[in-house]
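Undergrad: Residue numbers (the working numbering), protein chains in the order written: chain C, 1 to 150; chain R, 1 to 489.
Be a bit skeptical, because a hint or two may be false.
Straight-line alpha carbon distances no greater than 30 Å define the calculated DSS-like cross-link-like pairs of lysine-lysine that follow [to be verified]:
| # | chain 1 | residue 1 | chain 2 | residue 2 |
| --- | --- | --- | --- | --- |
| 1 | R | K104 | R | K371 |
| 2 | C | K68 | R | K206 |
| 3 | R | K206 | R | K270 |
| 4 | R | K198 | R | K270 |
| 5 | C | K69 | R | K104 |
| 6 | R | K104 | R | K456 |
In silico contact screen, one side only, chain R against chain C (beta carbon under 8 Å); selected entries [to be verified]:
| # | residue |
| --- | --- |
| 7 | H4 |
| 8 | A7 |
| 9 | F15 |
| 10 | I18 |
| 11 | S19 |
| 12 | M20 |
| 13 | P21 |
| 14 | A62 |
| 15 | F63 |
| 16 | S64 |
| 17 | A68 |
The set of hints was computed from the structure by calculation and includes no laboratory data. All C-beta atoms in this analysis are idealised placements derived from N, C-alpha and C, irrespective of residue type, glycine included.
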Amino acid sequence: MIRPHDSIIVQSLGRFLIPVIQIFGLYVLFFGQYGPGGGFVGGVILGTSMILSVLIFGHDASRSQIAKKILHGDGVGMLIYAGVGGLCMIGGGEFLNYAELDIPGLETAARRSLGIVLTQIGVAVDVAVTAVSIVFSLSAEEIIEDSLNG
Amino acid sequence: MSRHFPAILFLLPLFAAISMPVVCLRHRHWSRPISLAVLSSMVVLSILNLNSIITHGEVRYAFSGWSAPLGIEWVADGLASMILVTLSFLGLLALVFAGPTSPKDLGGRIVHYYTLILLLISALTGIVFAGDLFNLFVFLEVAAIASYALIGVAGGRALFAAFRYLVLGTLGASLYLLGVSYFYAASGTLNMADMAEKLPHLLNSKAVVGGLLFMFIGLGIKMALVPFHAWLPDAYTYAPESISPILASLVTKVALVGWVRIIFWVLGAKVIVNDIPVLLLVGILGTLAAVIGAVLALNQRDIKAMFAYGGISHIGIILIGVSQGNQTGFVGGVFYLLNDAVMQAALFFLAGMAICQYGARTVEDVGRIGKQAPWFTGVLIIVAMGMIGLPPTGGFFGKWYIILGALEANNYIAVAAVLLSTLLTLAYFVRLFEAIFRQTPLPSDRLPSDIPFAYKLSLGATSAAVIMLGVFSDPIVQLLLNHALPPGL
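Could you put together the complete structure from these sequences and hints?
TA: As structure tokens, this is what we get:
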């Protein structure tokens with residue numbers, strides 16, 4: 001069980017920093033095509049922002065609801081990943097061969113770009129969920145048990 | 001379409017495993033039907049895959065369209081496809097068997113339990129298909145992590161056994177990874193086919209010699225080769241009854257397949273590293289394992305431990321077969337590997353049934369229940385025939401070809417080791433049968449007579465497979481000779 005942090009400095013800084021961290025995470029995620037970054041790092045940063053909100057505001061606060069909700073999303077990222085890979089196979093290429101991504105009305109270059117962005121989003125979701133669930137399972141076992149049983 | 005089979009065979013259980021927590025969030029009891037459906041379609045796909053490999057030749061599947069030395073490659077040749085048919089068949093039966101035998105107190109963790117089983121199956125598929133050394137490592141680790149968790153599910157002594165397996169298994173994986181990095185440093189590539197071209201010029205390099213040693217020790221731990229087998233008996237004995245058939249029949253055998261791939265497809269069959277012929281070394285290790293494992297099995301009271309040591313000794317027999325350096329021995333070894341996977345699955349089904357249905361764990365307990373449990377004793381007789389190597393079963397033909405191969409190579413020590421281990425196998429099964437047929441059951445031991453259908457199905461199918469592999473041994477051996485031989489043998 002994580003209680004809210006009682007320092008006003010930490011709370012105000014958290015209120016300010018968490019959105020910035022999330023925006024930076026999204027930037028790293030989408031910038032991955034053109035430079036350093038990508039799904040894994042972006043997912044870690046997004047996951048960290050949620051962990052931070054749980055640590056600062058406690059896990060019953062309304063700000064931490066997203067972190068608790070996202071625990072159920074374990075595997076959604078992988079489904080996105082599988083969907084993109086499957087569309088590539090339907091288009092006649094190998095698994096994850098984005099050039100054959102079966103979305104009509106797109107140039108090959110656009111297909112490659114879209115394919116890699118979608119898979120990276122999938123990776124980011126799963127990495128973020130995993131990071132959050134590690135923190136939760138270390139801190140409060142009953143949350144995971146509850147969410148599984150209910 | 002058929003060229004996608006190898007990728008689909010791996011991706012299907014992987015994605016099913018990872019999406020299971022989402023799909024079964026509200027309906028926890030869906031996890032078992034979903035797993036069964038996935039494994040059934042794997043059986044169908046793997047047979048179609050084998051068929052297309054036989055008619056069209058091997059498939060090299062380049063993920064994302066990046067071809068071999070740069071990208072990640074799946075190699076579906078005859079050997080991999082044959083192993084995969086066995087793997088998915090036994091995986092399905094083990095899953096059927098897991099229904100009535102799973103630990104009862106899993107609760108919400110039942111979803112995670114089936115997730116881990118599917119993850120284990122997909123990782124084993126990955127090891128069989130992997131075309132490069134690094135991905136072999138990745139899937140070895142995924143399979144190992146899934147097995148640690150599955151062994152520990154039952155709690156109690158199983159946790160300690162799982163922890164011991166974790167320590168030794170991690171050591172093995174680290175050594176293997178170290179070996180791969182030495183190979184990479186020496187040759188600049190990780191792809192097996194590419195490395196096979198570059199290695200012959202590098203065999204005297206210290207990096208290759210050291211790397212080979214590390215890889216052998218690492219994989220030796222994974223497949224419980226005799227000096228490194230200490231983790232196996234406890235892990236298999238205390239693992240939940242529903243899990244030990246998968247572990248015993250598949251995990252060590254698939255690690256052995258990885259070893260065979262590295263020796264024959266990467267190094268080359270006749271390779272001599274630092275004046276030591278690799279095959280000779282493998283043969284000596286196999287001889288030791290075959291005899292020592294059987295001797296240790298003879299000393300066990302717990303039937304699961306007895307069967308686990310039996311499996312260790314059979315790993316040795318397979319290694320004796322593949323290390324003879326001729327086609328007969330190699331095919332015999334691989335054929336025996338398929339048989340052994342089926343027989344180990346059947347033995348652990350039997351042990352699981354004895355424990356869950358009748359509460360019998362030791363040889364004496366089995367003697368007490370034996371006469372009243374026709375399914376148990378009947379299947380035990382068939383599987384024992386296979387383990388000992390009596391004619392109508394596949395075990396006989398496997399040993400036959402191994403001995404023929406050893407005679408062809410004038411390796412009489414190997415012949416003696418196979419025969420000695422056969423005698424010892426006979427001895428520990430005679431102990432079981434003596435207990436069954438000499439004890440008269442007490443009138444108080446009324447046993448439950450209704451056996452769940454899942455037991456009948458899994459026991460019936462495996463014992464039929466033990467006999468079928470013998471009856472159809474000729475076409476299977478021809479298939480192996482035509483499609484599964486390594487280059488240059």
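Undergrad: Taking the hints in turn, state whether each one holds.
TA: Against the structure, the hints come out as follows:
{"no.": "1", "hint": "R:K104 x R:K371", "verdict": "holds (28 Å)"}
{"no.": "2", "hint": "C:K68 x R:K206", "verdict": "violated (53 Å)"}
{"no.": "3", "hint": "R:K206 x R:K270", "verdict": "holds (19 Å)"}
{"no.": "4", "hint": "R:K198 x R:K270", "verdict": "holds (16 Å)"}
{"no.": "5", "hint": "C:K69 x R:K104", "verdict": "holds (29 Å)"}
{"no.": "6", "hint": "R:K104 x R:K456", "verdict": "holds (20 Å)"}
{"no.": "7", "hint": "H4", "verdict": "holds (6 Å)"}
{"no.": "8", "hint": "A7", "verdict": "holds (5 Å)"}
{"no.": "9", "hint": "F15", "verdict": "holds (4 Å)"}
{"no.": "10", "hint": "I18", "verdict": "holds (4 Å)"}
{"no.": "11", "hint": "S19", "verdict": "holds (4 Å)"}
{"no.": "12", "hint": "M20", "verdict": "holds (7 Å)"}
{"no.": "13", "hint": "P21", "verdict": "holds (5 Å)"}
{"no.": "14", "hint": "A62", "verdict": "holds (6 Å)"}
{"no.": "15", "hint": "F63", "verdict": "holds (6 Å)"}
{"no.": "16", "hint": "S64", "verdict": "holds (4 Å)"}
{"no.": "17", "hint": "A68", "verdict": "violated (12 Å)"}
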